[in-house]
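Protein chains: 2
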Amino acid sequence: MGNIIVGQSGGPTAVINASLAGVFKCGKDNNIKVYGMINGIQGLLEEKYIELNNEIKTDLDIELLKRTPSAYLGSCRFKLPNMEDNTEIYEKIFSILEKINVDKFFYIGGNDSMDTIKKLHTYGSTKNKNIQFIGVPKTIDNDLAVTDHTPGFGSACKYIATTVKEIIKDATVYDAKNITIIEIMGRNAGWLTASAALTKSDDCNGVDLIYLPEVVFDIEKFICKVEKLQKTKKSLVIAISEGIKNKNGINICELEEENTLLDCFGHKSLSGTANNLARILYKKLGCKTRAIELNTTQRCASHFMSEVDINESFLAGSFAVKAALDGENGKVVVFERTSNNPYNIVMKAHNVYDIANIEKKVPLQWIDSENGTVSSDLIDYIKPLIQGEVYPIMVNGLPKHLKLNK
Amino acid sequence: MGNIIVGQSGGPTAVINASLAGVFKCGKDNNIKVYGMINGIQGLLEEKYIELNNEIKTDLDIELLKRTPSAYLGSCRFKLPNMEDNTEIYEKIFSILEKINVDKFFYIGGNDSMDTIKKLHTYGSTKNKNIQFIGVPKTIDNDLAVTDHTPGFGSACKYIATTVKEIIKDATVYDAKNITIIEIMGRNAGWLTASAALTKSDDCNGVDLIYLPEVVFDIEKFICKVEKLQKTKKSLVIAISEGIKNKNGINICELEEENTLLDCFGHKSLSGTANNLARILYKKLGCKTRAIELNTTQRCASHFMSEVDINESFLAGSFAVKAALDGENGKVVVFERTSNNPYNIVMKAHNVYDIANIEKKVPLQWIDSENGTVSSDLIDYIKPLIQGEVYPIMVNGLPKHLKLNK
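So the protein sequences, as listed, match chains Z and B. Letter by letter, the first sequence follows residues 540 to 945 in my numbering. Letter by letter, the second sequence follows residues 540 to 945 in my numbering.
Just chain Z, same shape as in the assembly:
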């Protein structure tokens, strides 16, 4: 039997390393050597990889890895060219893999990364190569098709709902009219923003309004709504997705001025939606406003993870290896929810062609944009995913992380 190689790709999450730990542990338990690509497929093309068995030596290392945020192996945003446009790159990848006797290839990532699995699998099948390709889902955005939800989503929701609940407490502390606008990640899908609705409970009034990017954001109606709410409530807390757009498809952050930055990859960063909306409200209503952007912390807050999420992430990694050992190829690990109360899922290996490059948005029937709320079905869907806590291993007052010695 050949060796395993595993890589991480796309934006990191708090639990992406739990999936890596799952792949490694299952490989190790089956006495298979496990390689790790440094910076995903981009690094592999430069023959940058390590033997994970040399790095992760003890069970404590595995536990530390599970609790380490961001991608331990490094990540990339690299789209493989089409096979017909550039066969050299495929030949190169396969020759590198063959050189180190790899016959099982795992890639942990979102829908862009699943495109890599799809293309490599397609090339391998066409050329009768003996390498299996399996995708392990990962994204805080929860925008992957077919699967009930994605690893990483639950922990991000738990962190967001907790932080929003704390901000609501903070916002109501003075006896004065004020508006807080909280900006949550999500360019096209509002899953994460919806988690702010979980704050409503017997000890918290919850957020007053929620706006997701799936529905056109009508600023005039929004201002009217806020004015009306202010008549009965001094302190308003509003959750919005970074990607909300007006009827012309213009992002709210781009409405008044050019205040965008380019992120690490030259993508236009949508940072600034809450700030812009706070400015507009202040101008229109003359009311005290503040904008809070939850930002990168949403995808890396491993100090407060969902136990359900970290366990599922780990198991998704080991399930991928088991699926490969069972002969699966060109598949992605997906979750199927068999029951909501009590919560239960089963894992399956699903055809990558149904998943790669497809973005799953929040169903419109779960959004009530007229009232700025989401349905109880959506809340019931998210709630099981934030249950239980896994805390970091603390050393000298701070979380300990596993560091790659590259």
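A portion of the hints provided could be inaccurate.
Copies of the same chain look alike in the list, so a pair counts if it works inside one copy or between any two.
No more than 30 Å apart at the CA atoms, straight line, and that leaves these computed lysine-lysine pairs for DSS-like [as the list claims (entries may be wrong)]:
1) Lys587 with Lys638
2) Lys784 with Lys822
3) Lys716 with Lys772
4) Lys716 with Lys587
5) Lys618 with Lys773
6) Lys739 with Lys567
7) Lys939 with Lys772
Worth flagging that the hints you see were computed from the coordinates, not collected in a lab.
Got chain Z sorted already, so can you dock chain B onto it with the hints?
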């Protein structure tokens, strides 16, 4: 013996309610009725107060209160006029207190709030009133004079250092040149920003540069420094105080454009320093940059508190009551550090005149602005304050808070 009244004032912290719990518990243990002012002295003037014994009924309620962020009783930013300008307001306060037979008055707050204690004590002494006034320190900013540090500072530092450590992991995930600028609270004092230096450890390279508001921020030198660092390191993470100013005393957030918002109290909000600096770097170096503002979460993240801090906050509240029972008046509870290793403090009651309205900044010998670092003395000073963890009481996946039924 008369009754106790306690109020909370100024910006909230993650542990301000632990001090309230301390006052309440010690009063209750001494069979004294404890009133709580709603929205501090401002609410008291409108006779808004509650009997805390009716609200906090069980030991679990006390534990919940300790873990509830923001001010349970509500807060205010209200400066009492000078005695000679307005005696009516003082007469009114004292008559309200006398009506409910209060002879011990506790105020939990920062240096502005201690001004209230000072003025009420002065008026009381002048008029031979039989009411004792004691201040309980509270501020994440750690800018209170005389005391070694303030309750609230340790938990904020722990949250900031943990989050910055997670952001550093996130920032290094891609094999690409990038700069992350993290904006931390602190208009005039850089204590909180200094806590970002705690990230440097055997599993983390730490932040690359730190800038505090105590020292003039030289943009040209800063850009040179960044350019130089980029020659050996692809990913840079820089921590700055929101209040850093150039040699003309202009806040960096106000340099390029008018992008400030007014906060709840009409104060100019300095939000935007990191954003502005990121824009400037992007223009000058053409490099990918991102700005992260830690924001309000620094003062309300009760999901990840320092055990040392929450214990000290609780004990400061009960010490205040004991001091009053011992006959102290016109005093503030202060901490004196008797040993750093092992860490130990003693509490004392100190004259409020030495503390009210005075802002304690980071000593200049602890800041190396030339190299963008802080001294090991500063790190050694903060480190004991972030030790140990107190986690929330979790219900249905989220922290449970104690809610005031007003």
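Verification of the hints:
no.	hint	in the structure
1	Lys587 with Lys638	within (13 Å within a copy, 77 Å between copies)
2	Lys784 with Lys822	both (20 Å within a copy, 27 Å between copies)
3	Lys716 with Lys772	within (8 Å within a copy, 47 Å between copies)
4	Lys716 with Lys587	between (56 Å within a copy, 18 Å between copies)
5	Lys618 with Lys773	between (49 Å within a copy, 22 Å between copies)
6	Lys739 with Lys567	neither (44 Å within a copy, 32 Å between copies)
7	Lys939 with Lys772	between (43 Å within a copy, 23 Å between copies)
Hint violations for this structure: number 6 only, all remaining hints satisfied.
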